[in-house]
Amino acid sequence: MKRRIQLSFARPMIALALLLVTGTALKAQGLQFNAAYNINFPTGPSFRNLVDHAAFKGFTAGFAYPVMSRLRVGLSIGYNDYYQKYARQVYSNGPGSDISAVVSNSIQQAPLLVTVDYTFLKKGLLRPYIGAGAGINFITFDQYLGEFDNPVNSTYFAARGEAGLLLPLSKTSGTAVRIGGSFNYAPYKKYGIDDLNNWGVHAGISVPFH
Amino acid sequence: MCKKNVWLWGALLIITFLGSCRKDPLNHLTNDESRIYVTNFDTTANFSSYSTFSVADSVAVVQDNQFAGRSLNAFDSQVILAITQQLLQRGYQQVNSKSNPDLAINISRVYTSSTVLFSYGDYWDYYDQYWDPYYWGYPGYDFYDPYAVGSYTLNSGGLEIDLLDLKNAAANGNKIKGIWTGMAQGEQVFSTTNGMNEVAALFSQSAYLKK
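Heads up: the sequence lines are chains A and B, in that order.
One point on numbering: in the working numbering, the residue at position 172 of the first sequence is 172, and numbering is uninterrupted.
One point on numbering: in the working numbering, the residue at position 142 of the second sequence is 142, and numbering is uninterrupted.
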């Protein structure tokens with residue numbers, strides 16, 4: 001009788017595919033493709049009350065276009081899956097009502113952001129960068145009581161600040177390994193939850209389309 | 001394929017493999033963990049004011065809100081025995097159903113087809129079709145919906161145990177009031193290996209239910 005629900009990563013994957021197709025078709029001068037694997041950590045008591053450990057299923061991908069020599073603007077899609085299961089407890093469901101259940105919290109965030117990146121050095125094997133983004137966060141919040149769930153999809157504002165290093169593959173290569181950290185601002189006002197803010201670390205790649 | 005594309009697609013493959021997809025909670029639940037136990041009680045009821053009880057000698061089978069008959073298979077017998085033991089441990093005295101018990105206990109196995117949602121409220125709307133008040137010696141009486149009816153929606157089979165107030169039926173306007181309900185749902189809820197534990201779980205979260 002276990003029920004399956006639609007996999008919520010389909011949406012960001014479709015968006016990623018669209019980005020790829022669009023970017024490959026454009027191959028605009030200076031356009032840069034970024035993709036990274038993310039590990040994200042819930043912050044704040046509200047989020048940590050639902051999930052208190054790291055999410056190891058996450059990525060970001062996007063394009064950035066140079067508007068100045070070191071400044072790029074772009075579009076980014078991200079995805080993070082948070083999950084935690086709690087041992088069986090009896091929960092009050094109001095006066096005269098109790099539920100005993102194993103509670104599992106499953107939260108997916110997929111922020112679609114307009115981004116700005118600034119790279120401090122144009123040359124060298126270590127190129128620090130900072131970035132910021134703002135946009136829409138597609139959130140699926142699904143709390144299971146035993147095998148019974150009630151998924152809720154929402155969209156909220158999202159913002160991200162990040163910093164890291166670009167490690168070019170060679171002195172002349174535009175392709176670089178991209179590592180860094182980020183703080184992700186994710187307001188969420190439902191079920192007594194204040195926010196789904198998190199910070200994360202990422203490692204990936206930046207590839208220019210020349 | 002140029003070197004840049006190898007890097008690009010290699011990185012994409014790794015990132016997609018590591019970073020995408022969702023950890024499905026259903027794949028991380030045992031059958032025991034899949035089950036939930038819900039109890040509702042009338043907050044105005046004084047459970048210590050009742051002395052005697054009688055448990056129905058069979059279980060009603062309800063399919064999509066339709067009475068499908070009575071049953072006494074191994075699981076049903078196990079549940080009847082477990083309920084009896086629980087109430088005896090809590091200080092109530094078991095009597096014959098013809099001996100005017102203060103409390104009557106009805107048990108139902110509720111099934112729904114996969115396409116039809118079964119609401120807890122609907123279950124009580126048709127209650128007198130599963131359990132005629134005559135069974136307990138109260139012909140012509142109606143049933144009160146129990147406390148907190150309608151709070152839940154079931155979407156699969158469930159075990160339902162209803163504790164009815166016969167002692168005050170006349171004082172309640174010739175209505176038999178449900179003062180406690182226990183419901184178990186989830187994987188293998190009707191398995192004989194789980195019946196005793198399910199009843200124990202329902203009673204363990206109902207400490208107020210004692211003489």
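One thing to keep in mind: the hints can contain errors.
Unchecked claim - As a list, the in silico BS3-like pairs of lysine-lysine whose alpha-carbon atoms are at most 30 Å apart:
| # | chain 1 | residue 1 | chain 2 | residue 2 |
| --- | --- | --- | --- | --- |
| 1 | B | K23 | A | K190 |
| 2 | B | K210 | B | K167 |
| 3 | B | K175 | B | K210 |
| 4 | B | K23 | A | K85 |
| 5 | A | K189 | B | K23 |
| 6 | A | K189 | A | K85 |
| 7 | A | K122 | A | K171 |
| 8 | A | K123 | A | K171 |
| 9 | B | K23 | B | K98 |
Stated by the list, open to error - Simulated restraints on C-beta separations:
| # | chain 1 | residue 1 | chain 2 | residue 2 | range |
| --- | --- | --- | --- | --- | --- |
| 10 | A | N150 | B | D128 | 42 to 50 Å |
| 11 | B | D32 | A | W199 | 31 to 39 Å |
| 12 | A | Q89 | B | P139 | 38 to 46 Å |
| 13 | A | K190 | B | N174 | 41 to 49 Å |
| 14 | B | N168 | A | W199 | 55 to 63 Å |
| 15 | B | G137 | A | G94 | 41 to 49 Å |
| 16 | A | Y86 | B | R70 | 54 to 62 Å |
| 17 | A | Y86 | B | K98 | 46 to 54 Å |
| 18 | B | G140 | A | N93 | 28 to 36 Å |
| 19 | B | C21 | A | T172 | 30 to 38 Å |
| 20 | B | Y135 | A | G94 | 50 to 58 Å |
| 21 | A | N93 | B | C21 | 51 to 59 Å |
| 22 | B | D128 | A | R48 | 46 to 54 Å |
| 23 | A | N93 | B | N168 | 19 to 27 Å |
Stated by the list, open to error - Here are a few chain A residues that sit away from chain B, every Cβ distance over 10 Å (derived from the structure):
| # | residue |
| --- | --- |
| 24 | M68 |
| 25 | D81 |
| 26 | Y83 |
| 27 | R88 |
| 28 | S97 |
| 29 | V102 |
| 30 | Q108 |
| 31 | L145 |
| 32 | F157 |
| 33 | L165 |
| 34 | K171 |
| 35 | I193 |
Since the hints were made in silico from the structure, they are not lab data.
Think of the CB as a built atom: it goes at the ideal place given N, C-alpha and C, for glycine as much as any other residue.
Now for the hints, and whether the structure bears them out:
1. As the CA atoms of K23/B and K190/A are separated by approximately 22 Å, the hinted pair is consistent with the 30 Å bound.
2. Note on K210/B and K167/B: the hinted pairing holds, with a Cα-Cα distance of about 16 Å set against a maximum of 30 Å.
3. Distance restraint check for K175/B and K210/B: the Cα-Cα separation of roughly 23 Å lies within the 30 Å cut-off, and the hinted pair is therefore satisfied.
4. Of the pairs offered as hints, the one joining K23/B and K85/A holds, with about 11 Å between alpha carbons and a cut-off of 30 Å not exceeded.
5. This hinted pair checks out: K189/A and K23/B have alpha carbons roughly 24 Å apart, not beyond 30 Å.
6. Restraint check for K189/A and K85/A: the C-alpha separation of about 22 Å stays at or below 30 Å, so the hint holds.
7. Proposed proximity of K122/A and K171/A is supported: the alpha carbons are some 10 Å apart, at most 30 Å.
8. Distance restraint check for K123/A and K171/A: the Cα-Cα separation of roughly 7 Å lies within the 30 Å cut-off, and the hinted pair is therefore satisfied.
9. For the given pair, K23/B sits about 55 Å from K98/B by alpha-carbon distance, which is inconsistent with the 30 Å threshold.
10. For N150/A and D128/B, the hinted distance range of 42 to 50 Å is not satisfied, since their beta carbons lie about 31 Å from each other.
11. Against the hinted window of 31 to 39 Å, the Cβ-Cβ separation of D32/B and W199/A comes to about 36 Å, which satisfies the hint.
12. For Q89/A and P139/B, the hinted distance range of 38 to 46 Å is satisfied, since their beta carbons lie about 43 Å from each other.
13. Restraint check, K190/A to N174/B: a C-beta distance of roughly 45 Å satisfies the suggested window 41 to 49 Å.
14. Between N168/B and W199/A the Cβ separation comes to about 59 Å, which falls inside the hinted range of 55 to 63 Å.
15. Restraint check, G137/B to G94/A: a C-beta distance of roughly 34 Å breaks the suggested window 41 to 49 Å.
16. The beta-carbon spacing between Y86/A and R70/B, approximately 39 Å, falls outside the hinted interval of 54 to 62 Å.
17. The supplied range of 46 to 54 Å is met by Y86/A and K98/B, whose beta-carbon atoms lie about 47 Å from each other.
18. For the pair G140/B and N93/A, the supplied restraint of 28 to 36 Å holds, since their beta-carbon distance comes to about 34 Å.
19. Between C21/B and T172/A, the C-beta spacing of about 37 Å keeps the proposed range 30 to 38 Å intact.
20. Checking the proposed 50 to 58 Å range against Y135/B and G94/A shows it is violated: the Cβ atoms sit about 31 Å from each other.
21. Hint check: N93/A to C21/B, Cβ distance near 32 Å, so the stated range 51 to 59 Å is violated.
22. Here the CB-CB span from D128/B to R48/A is close to 49 Å, well matched to the stated 46 to 54 Å.
23. At about 26 Å, the CB distance of N93/A to N168/B agrees with the hint of 19 to 27 Å.
24. Here M68/A stays apart from chain B, with its beta-carbon at least about 24 Å from theirs, past the 10 Å limit.
25. Look at D81/A: its CB is around 5 Å from the nearest CB on chain B, not clear of 10 Å, so calling it non-interface is violated.
26. With a least CB separation of 4 Å from chain B, Y83/A falls inside the 10 Å interface cut-off, contrary to its annotation.
27. With a least CB separation of 7 Å from chain B, R88/A falls inside the 10 Å interface cut-off, contrary to its annotation.
28. Residue placement check: S97/A does not keep its beta carbon more than 10 Å from all beta carbons of chain B (closest about 5 Å).
29. With a least beta-carbon separation of about 4 Å from chain B, V102/A fails to lie farther than 10 Å from that chain, contradicting its non-interface assignment.
30. Chain B draws Q108/A into its interface by the beta-carbon criterion, the shortest separation being 6 Å against a cut-off of 10 Å.
31. Not every Cβ of chain B is farther than 10 Å from the Cβ of L145/A; the closest lies at roughly 5 Å, contradicting the non-interface assignment.
32. At roughly 23 Å, the least C-beta separation between F157/A and chain B is larger than 10 Å, which holds for a residue marked as non-interface.
33. The non-interface label for L165/A is consistent with chain B: the shortest C-beta to C-beta separation is roughly 16 Å, beyond 10 Å.
34. Non-interface call for K171/A relative to chain B: holds, since the shortest CB-CB distance, roughly 15 Å, exceeds 10 Å.
35. No Cβ of chain B comes within 10 Å of the Cβ of I193/A; the nearest lies about 18 Å off, and the non-interface call holds.
Of the hints listed earlier, those the structure fails to meet are numbers 9, 10, 15, 16, 20, 21, 25, 26, 27, 28, 29, 30 and 31, in rising order.
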